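Asker: Next come the chains, spelled out residue by residue.
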Amino acid sequence: RKEVEQDPGPFNVPEGATVAFNCTYSNSASQSFFWYRQDCRKEPKLLMSVYSSGNEDGRFTAQLNRASQYISLLIRDSKLSDSATYLCVVNMDNAGNMLTFGGGTRLMVKP
Amino acid sequence: EPEVTQTPSHQVTQMGQEVILRCVPISNHLYFYWYRQILGQKVEFLVSFYNNEISEKSEIFDDQFSVERPDGSNFTLKIRSTKLEDSAMYFCASTGGRSYNEQFFGPGTRLTVL
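Chains W and E supply the protein sequences, listed in that same order.
Residues in the first sequence are numbered from 109 upward in steps of one, following this note's numbering.
Residues in the second sequence are numbered from 11 upward in steps of one, following this note's numbering.
Calculated directly from the structure, the hints in this document are not laboratory data.
Incorrect hints may have been included.
[Said to hold, decoys possible] Listed next, the in silico DSS-like pairs over lysine-lysine satisfying Cα-Cα at most 30 Å (straight line):
| id | chain 1 | residue 1 | chain 2 | residue 2 |
| --- | --- | --- | --- | --- |
| 1 | E | Lys-67 | W | Lys-153 |
| 2 | W | Lys-218 | W | Lys-150 |
| 3 | E | Lys-88 | W | Lys-153 |
| 4 | E | Lys-52 | W | Lys-153 |
| 5 | W | Lys-150 | E | Lys-67 |
| 6 | E | Lys-88 | W | Lys-187 |
Predicted model only: the values in this text are computed from it and were never measured.
Next comes chain W alone, as it looks inside the complex (with noise of 0.2 Å):
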C-alpha cells in the first residue's frame, strides 16, 4: 500500500518560535514532492513543491532525502497566521499525476 505518514500532532509553538514537520512516503519511485497548508474546512492551498536540494521560500523551507525517503518542512519565525495543517503530498505515480495525502501535521502558534 503507497502511503505518506506524519505525526498529527498538535504541535503548539510561541509566536517567533522556529517549528519543524517532518514525513515519510513508502514508494521510492515518487518522483514529486509537495507542501500544502490547510485550514480548517478549506481546500489545500500549495505551500511549496520540495526539491531534491532543497529550497527556501521565505520562512519556509524544504528538505527531501531520498535515500530514507524523508521529507522535512520547517518553519522560522513563526506567525500567529502559521496556524493551521500542513500536509505533505507526494506523487507516486506519474502516469496519472495522483497525489498521495499525510494525514497532517497540525499547528498552533500562540500569541
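Guided by the hints, dock chain E onto chain W, whose structure is given.
Answerer: For chain E alone, kept in the frame of chain W given last:
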C-alpha cells in the same frame, strides 16, 4: 490570480439520489482531478482527467461515479445513487502550463447525504 471555482458550496441530498458537482478549472490548465475528504480524514484521490478521458482512477471511483467535461470550461463529477458514506468534502483541482506538477484546488463542495 486565476482560481479553480466549484459549485455548489454545500449540497444536501437524500440517499439514492443523483448529484452533480461542478468545477471550473483554471482556464489554461489541461489536467483535471477530483479528490474527496471525509471529515477528520485524509484527502483521497478519486480520478484524473486529460484530453477528454480518464487518466487514472482510484478504488473509490466505482461505477456510481462519472466525470465529464461538457464544454470548454466546466468539469463535473456525478454520483448516480448516493450513499451515506459519500458524505464528504469534494475538491476539484487542475494543473497545466509551466507548473505541470503543481495542482491547485478549488474551495470544495460539502456533500451531505441524509
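Asker: Going straight from one Cα to the other, do Lys-218/W and Lys-150/W come out at no more than 30 Å?
Answerer: Distance ~21 Å between Lys-218/W and Lys-150/W Cα, so the pair holds.
Asker: Quickly compare the C-alpha distance for Lys-88/E and Lys-187/W to 30 Å and report which way the hint goes.
Answerer: violated (41 Å)
Asker: Verify the proposed pairing of Lys-150/W with Lys-67/E, using a straight-line Cα cut of 30 Å.
Answerer: This hinted pair holds, its Cα atoms lying about 24 Å apart.
Asker: For a C-alpha distance cap of 30 Å, please report whether Lys-67/E and Lys-153/W respect it.
Answerer: Holds, at roughly 22 Å.
Asker: Take the C-alpha atoms of Lys-88/E and Lys-153/W, compute the straight-line distance between them, and say whether it is at most 30 Å.
Answerer: Roughly 24 Å between the alpha carbons, so the hint for Lys-88/E and Lys-153/W holds.
Asker: Given the proposed pairing of Lys-52/E with Lys-153/W, does the C-alpha separation stay at or below 30 Å?
Answerer: Between Lys-52/E and Lys-153/W the Cα gap is close to 15 Å, so the pair holds against 30 Å.
Checked against the numbered hints given earlier, the structure breaks only hint 6 and satisfies all the rest.
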